[in-house]
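Visitor: Sequence:
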Amino acid sequence: MATEMGVSTVRFAYNYPKLDVDLSHPRYVLDQNRCILCTRCVRVCAELEGAHVWEVTSRGIHSRIVGDLNQKWGDAKGCTSCGKCVQACPTGALAEKGWAVEEMVKKNDNISSLVSQERSPGMKKVKVATVWLDGCSGCHMSLLDMDAAIISLAQKIELVYGPLVDAQEFPEDVDVTLVEGAVSSQDDSTSSRRFASARGCSSLWGIARSPGNVPAMRNFYPRATAAAAGVRRRRASKQNHTDGWRARAAETGSPVA
Numbered sequence: 406m407a408t409e410m411g412v413s414t415v416r417f418a419y420n421y422p423k424l425d426v427d428l429s430h431p432r433y434v435l436d437q438n439r440c441i442l443c444t445r446c447v448r449v450c451a452e453l454e455g456a457h458v459w460e461v462t463s464r465g466i467h468s469r470i471v472g473d474l475n476q477k478w479g480d481a482k483g484c485t486s487c488g489k490c491v492q493a494c495p496t497g498a499l500a501e502k503g504w505a506v507e508e509m510v511k512k513n514d515n516i517s518s519l520v521s522q523e524r525s526p527g528m529k530k531v532k533v534a535t536v537w538l539d540g541c542s543g544c545h546m547s548l549l550d551m552d553a554a555i556i557s558l559a560q561k562i563e564l565v566y567g568p569l570v571d572a573q574e575f576p577e578d579v580d581v582t583l584v585e586g587a588v589s590s591q592d593d594s595t596s597s598r599r600f601a602s603a604r605g606c607s608s609l610w611g612i613a614r615s616p617g618n619v620p621a622m623r624n625f626y627p628r629a630t631a632a633a634a635g636v637r638r639r640r641a642s643k644q645n646h647t648d649g650w651r652a653r654a655a656e657t658g659s660p661v662a
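Per this note's numbering, residue 406 is the first one in the sequence shown, and the count goes up by one each step.
The set of hints was computed from the structure by calculation and includes no laboratory data. Computed from a prediction, not measured in an experiment: that's the story for all the values here. Note that the Cβ used here is the ideal one computed from N, Cα and C, for glycine as well. Check before you lean on any hint, since a few could be wrong.
[Stated by the list, open to error] Within a straight-line C-alpha distance of at most 30 Å, the following computed DSS-like cross-link-like pairs (lysine-lysine) qualify: (1) Lys-482 <-> Lys-423; (2) Lys-502 <-> Lys-477; (3) Lys-561 <-> Lys-530; (4) Lys-423 <-> Lys-502; (5) Lys-532 <-> Lys-482; (6) Lys-482 <-> Lys-530; (7) Lys-482 <-> Lys-502; (8) Lys-561 <-> Lys-532; (9) Lys-423 <-> Lys-477; (10) Lys-477 <-> Lys-530; (11) Lys-477 <-> Lys-561; (12) Lys-561 <-> Lys-482.
[Said to hold, decoys possible] Simulated DEER-style distance windows between Cβ atoms: (13) Leu-549 <-> Lys-482: 24 to 30 Å; (14) Pro-627 <-> Ile-556: 45 to 51 Å; (15) Arg-448 <-> Ala-632: 53 to 59 Å; (16) Asp-592 <-> Trp-504: 57 to 63 Å; (17) Leu-569 <-> Thr-414: 51 to 57 Å.
Given only the sequences and the hints, what does the whole structure look like? Please build it.
Guide: Here you go:
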């Protein structure tokens with residue numbers, strides 16, 4: 406608004422201390438004195454470019470926009486020099502060298518186009534989907550057991566489908582699909598065929614992929630025998646529960662139906 410109204414100087418004394426201007430980047434400049442901490446640069450860098458360079462440090466009057474753990478902008482290895490943060494900055498705190506802030510008129514078309522822009526080639530992440538069929542889910546648990554190493558992995562891949570994310574439909578633009586577990590039902594068979602026909606490559610994951618693990622143990626018995634064994638186990642479990650209840654009732658002197 407100040408730029409549109411032609412306000413380029415302030416004649417009143419600053420309540421905030423004068424801050425340094427970062428000129429270390431070859432193309433852009435960071436003027437902390439103009440920053441209002443709107444965090445647009447933080448969001449556009451993280452959500453659109455995926456570089457996660459900018460962040461807010463400290464609190465109150467000492468709050469600052471910093472890059473890559475308080476490094477100079479020119480030393481930030483994660484910066485792709487895409488310029489999205491410069492276009493998103495409303496005050497000129499992030500500006501392009503060689504242009505006065507008054508000359509950098511921000512147009513709504515430029516801001517809106519940021520959403521449709523693709524990420525820089527070095528920041529495109531591999532889209533990964535994980536599928537859990539019939540099994541122990543040990544492979545997915547081992548993924549979580551990576552602890553701090555999962556942070557560096559998250560910078561290279563984007564998990565778009567699986568038990569660990571809230572996605573109801575299998576995306577079409579998946580690059581890699583990891584399938585865990587055995588096919589033990591018609592639904593598993595249908596799902597595995599759909600995943601195999603999707604774009605990208607698929608890989609079987611874990612011990613259940615070949616021998617079938619625990620779910621495959623029933624393959625050694627005829628279906629009728631397995632069904633009859635299941636009925637007997639349910640009846641035995643119900644009888645044991647009833648006998649235990651009767652024994653407890655006899656000990657407490659309660660009437661038994």
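Visitor: Are the hints correct? Go through all of them and say.
Guide: Evaluated hints:
1. Lys-482 <-> Lys-423: holds (27 Å)
2. Lys-502 <-> Lys-477: holds (16 Å)
3. Lys-561 <-> Lys-530: holds (5 Å)
4. Lys-423 <-> Lys-502: holds (21 Å)
5. Lys-532 <-> Lys-482: holds (23 Å)
6. Lys-482 <-> Lys-530: holds (17 Å)
7. Lys-482 <-> Lys-502: OK: Lys-482 and Lys-502 at ~20 Å, within 30 Å.
8. Lys-561 <-> Lys-532: holds (9 Å)
9. Lys-423 <-> Lys-477: holds (18 Å)
10. Lys-477 <-> Lys-530: holds (25 Å)
11. Lys-477 <-> Lys-561: Judged against 30 Å, a Cα distance of about 24 Å means the pair holds.
12. Lys-561 <-> Lys-482: holds (15 Å)
13. Leu-549 <-> Lys-482: 24 to 30 Å: holds (28 Å)
14. Pro-627 <-> Ile-556: 45 to 51 Å: Since Pro-627 and Ile-556 have Cβ atoms about 50 Å apart, the given range 45 to 51 Å holds.
15. Arg-448 <-> Ala-632: 53 to 59 Å: Taking Cβ atoms as reference, Arg-448 and Ala-632 lie about 56 Å apart, which means the hint holds.
16. Asp-592 <-> Trp-504: 57 to 63 Å: holds (59 Å)
17. Leu-569 <-> Thr-414: 51 to 57 Å: holds (53 Å)
The structure meets every hint from the earlier list without exception.
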